[in-house]
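Visitor: Sequence:
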Amino acid sequence: ASRPRGAFGASRGPRVARRGCVAARATSAGPSDWDLDGAPDGVVLRLAKRLERAWRALPDVADAPCAPDLKSVDAIAEDGDPTTAVRIENLVFTNAAFRKMHLEVAWGLGGLEVMHVVVYPWASVAAPIYAADLVAFNGRVTLCIADVCPTERADSEEKKNEGVPEILADAASALKHAMLTSAPAIEPRGIPDWGTPILSKEACVCVGPPVGDFPEQEQAQAFAEYAFGLFQAYASYVNEICLPPTNESEEKAIDKETKSRLAAQSFFCEKQLENDKTRKALERSMGEERTARYMTQVLFDVTERTPTRPATR
Numbered sequence: 001a002s003r004p005r006g007a008f009g010a011s012r013g014p015r016v017a018r019r020g021c022v023a024a025r026a027t028s029a030g031p032s033d034w035d036l037d038g039a040p041d042g043v044v045l046r047l048a049k050r051l052e053r054a055w056r057a058l059p060d061v062a063d064a065p066c067a068p069d070l071k072s073v074d075a076i077a078e079d080g081d082p083t084t085a086v087r088i089e090n091l092v093f094t095n096a097a098f099r100k101m102h103l104e105v106a107w108g109l110g111g112l113e114v115m116h117v118v119v120y121p122w123a124s125v126a127a128p129i130y131a132a133d134l135v136a137f138n139g140r141v142t143l144c145i146a147d148v149c150p151t152e153r154a155d156s157e158e159k160k161n162e163g164v165p166e167i168l169a170d171a172a173s174a175l176k177h178a179m180l181t182s183a184p185a186i187e188p189r190g191i192p193d194w195g196t197p198i199l200s201k202e203a204c205v206c207v208g209p210p211v212g213d214f215p216e217q218e219q220a221q222a223f224a225e226y227a228f229g230l231f232q233a234y235a236s237y238v239n240e241i242c243l244p245p246t247n248e249s250e251e252k253a254i255d256k257e258t259k260s261r262l263a264a265q266s267f268f269c270e271k272q273l274e275n276d277k278t279r280k281a282l283e284r285s286m287g288e289e290r291t292a293r294y295m296t297q298v299l300f301d302v303t304e305r306t307p308t309r310p311a312t313r
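Going by my numbering, the sequence shown opens with residue 1, and the numbers climb by one from there.
Since the hints were made in silico from the structure, they are not lab data.
Hints may contain errors.
Said to hold, decoys possible - The calculated DSS-like cross-link candidates involving lysine-lysine, where the alpha carbons are at most 27 Å apart (straight line), are: (1) K201 - K100; (2) K49 - K100; (3) K277 - K71; (4) K49 - K277; (5) K201 - K256; (6) K256 - K49; (7) K259 - K201; (8) K100 - K280; (9) K256 - K277; (10) K256 - K100; (11) K100 - K271; (12) K256 - K271; (13) K100 - K71; (14) K280 - K71; (15) K201 - K271; (16) K201 - K71; (17) K271 - K259; (18) K277 - K201; (19) K100 - K259.
Start from the sequences, fold in the hints, and give me the full structure.
Guide: Dropping the structure here:
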């Protein structure tokens with residue numbers, strides 16, 4: 001049955017005009033590349049490549065630290081079971097606005113395809129975390145989720161999560177309306193318990209396209225447009241607000257807010273690390289020690305000791 005266009009809280013109102021798009025910057029030596037040779041062509045890979053192109057167009061993008069044995073992974077279980085073979089390729093970038101931009105493409109495990117994205121702004125920047133995942137099996141997309149996860153939290157118990165900035169909430173509403181216009185049969189999927197405290201009500205879209213969506217993948221394609229459009233709106237917003245403090249009193253206020261946002265980012269990582277499905281799938285191929293390093297150093301690495309602003313040049 002068709003889903004009414006009001007699903008996911010989508011608005012029928014006018015689209016929000018795009019503001020201050022991040023300008024492309026030509027550089028002679030940009031960040032490093034990755035090796036996607038052998039990755040199955042489909043919705044997962046195409047969205048990953050669109051995001052890669054958008055990231056490389058951001059100002060002053062450079063490689064962020066990442067251990068070589070975790071940046072590119074080619075692993076299989078010790079017993080050689082071919083269904084445990086997995087390839088994982090990562091882009092890990094940074095610039096003045098984003099401490100870490102992580103884009104992962106993984107394939108193998110008997111037909112699994114995964115795109116995983118998390119963009120952590122520097123905690124000194126008053127912006128949420130952009131996150132998205134796309135999962136497919138033998139080309140058929142089975143799970144899609146994208147959000148801008150709040151990092152602004154009030155002190156009062158009555159309002160622990162202040163939600164996302166209004167401009168991003170409005171952009172998400174317009175993008176949801178476009179998604180549902182393109183694929184009105186889209187149905188929301190339930191959020192796991194560990195995700196509820198960290199995901200937003202305004203922008204989170206989580207869907208599980210049915211078997212009938214394949215091979216056309218109308219719903220998966222519509223979601224991909226939502227996820228990419230949400231990143232564009234997010235990058236534009238962060239570019240506009242990423243300004244240095246103008247005086248000492250403002251800097252002190254920002255420092256207090258920065259600590260709060262760092263705590264929110266750390267909480268986001270703590271909840272993500274409760275996802276045992278990811279850990280168990282990786283451990284079968286990579287072993288426990290390497291999997292633990294991958295999850296805490298590459299995927300979800302924020303702690304109270306994480307730097308909150310870029311080093312001054």
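Visitor: None of the hints should be skipped; say for each whether it holds.
Guide: Now the hints, each set against the structure:
1. K201 - K100: 24 Å, holds
2. K49 - K100: Holds, at roughly 18 Å.
3. K277 - K71: 21 Å, holds
4. K49 - K277: 26 Å, holds
5. K201 - K256: 25 Å, holds
6. K256 - K49: Not satisfied, since the Cα-Cα distance of roughly 37 Å exceeds 27 Å.
7. K259 - K201: Status holds; Cα separation ~24 Å.
8. K100 - K280: 25 Å, holds
9. K256 - K277: 36 Å, violated
10. K256 - K100: 21 Å, holds
11. K100 - K271: 18 Å, holds
12. K256 - K271: 23 Å, holds
13. K100 - K71: 14 Å, holds
14. K280 - K71: Holds. K280 to K71 sits at ~19 Å (cutoff 27 Å).
15. K201 - K271: 17 Å, holds
16. K201 - K71: Distance of about 32 Å is beyond 27 Å: violated.
17. K271 - K259: 18 Å, holds
18. K277 - K201: 24 Å, holds
19. K100 - K259: At roughly 17 Å apart (the allowed maximum being 27 Å), K259 and K100 satisfy the hint.
When each numbered hint is compared with the structure, violations occur for hints 6, 9 and 16.
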